[in-house]
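S.K.: With these hints in hand, go ahead and build the complete structure from the sequences.
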Amino acid sequence: MLIFVNETVQAPSQTEQIYNRLRENILALEVTPGARLTERGLEAELSASRTPVRAALMRLESEGLVQRDGRGWMVAPIDLGEVGSLLELRVAVESAAAGLAIEHASDEDLEALDELLRSFDPRDSQAAGHRMGTDFHVELVRLSENPFMVASTVDSMTRLSRTRWLEVRTEQSRALAVAEHRAIVEALKARDAPEAARLVALHITNTQERLGASLDEERSKSLRARGFVVLRGLPGAAR
Numbered sequence: 001m002l003i004f005v006n007e008t009v010q011a012p013s014q015t016e017q018i019y020n021r022l023r024e025n026i027l028a029l030e031v032t033p034g035a036r037l038t039e040r041g042l043e044a045e046l047s048a049s050r051t052p053v054r055a056a057l058m059r060l061e062s063e064g065l066v067q068r069d070g071r072g073w074m075v076a077p078i079d080l081g082e083v084g085s086l087l088e089l090r091v092a093v094e095s096a097a098a099g100l101a102i103e104h105a106s107d108e109d110l111e112a113l114d115e116l117l118r119s120f121d122p123r124d125s126q127a128a129g130h131r132m133g134t135d136f137h138v139e140l141v142r143l144s145e146n147p148f149m150v151a152s153t154v155d156s157m158t159r160l161s162r163t164r165w166l167e168v169r170t171e172q173s174r175a176l177a178v179a180e181h182r183a184i185v186e187a188l189k190a191r192d193a194p195e196a197a198r199l200v201a202l203h204i205t206n207t208q209e210r211l212g213a214s215l216d217e218e219r220s221k222s223l224r225a226r227g228f229v230v231l232r233g234l235p236g237a238a239r
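Once you know that position 67 of the sequence shown is 67 in UniProt numbering, the rest is easy, because the numbers rise by one and skip nothing.
Derived from the structure by calculation, the hints contain no laboratory data.
Any given hint could be a false lead.
To be verified - Below, in silico cross-link-like pairs of lysine to any residue (SDA-like), each with a Cα-Cα straight-line distance of 20 Å or less:
(1) K189 - D107
(2) K189 - S125
(3) K189 - T170
(4) K189 - E145
(5) K189 - L117
M.R.: Given below as structure tokens:
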């Protein structure tokens, strides 16, 4: 007797498609912070009706990527005070997660994390560097086997995504990040929890310093000239 299994994959809904497209454009800075959006304009641009456009915008609002602006919408400004707070959260969560990863991760798990780093070359694109950094940190925290830590890290990385594009803009900054990631993996493999936690905290602090360097006065003027809206100051950033 033959049994047929229906393996049809349901296509994404129109709301999902609109959400994915807008989210990708916002995170890649193709739509700049502070840019104003209207539902009517998006309807025309995306050949969509009002309901899925609004649903997609409300979902992006819940992620902190857009906000209401009168009767319309605005891509959320980059708030460097919020960035500093998120980096502090990451230090707390990821340092603790490194210790838990040492307890729970197998040698094969840590080798897979190492392989992720070996698959990336700092000469690769800015987009590849951005993706590798996100994957590394999420996978590191996933090894903690704590789903709440994972959820926190995914949310933090999403909210920091636009500023992380600036932080990995150069080959040198990408090479430094990879070197720091490798040092973390070596401490994990050595099952040295204090050292792994220290290196995670140091890496995130260095990330903040690299971002600050990219937002010095000259570069900030360049960003504003491209239409970026940047709010407040980043602790430790050059001014």
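S.K.: If a hint holds in the structure, say so; if it doesn't, say that too.
M.R.: Right, here's what the structure says about each hint:
no.: 1; hint: K189 - D107; result: holds, 7 Å
no.: 2; hint: K189 - S125; result: violated, 28 Å
no.: 3; hint: K189 - T170; result: violated, 29 Å
no.: 4; hint: K189 - E145; result: holds, 17 Å
no.: 5; hint: K189 - L117; result: holds, 14 Å
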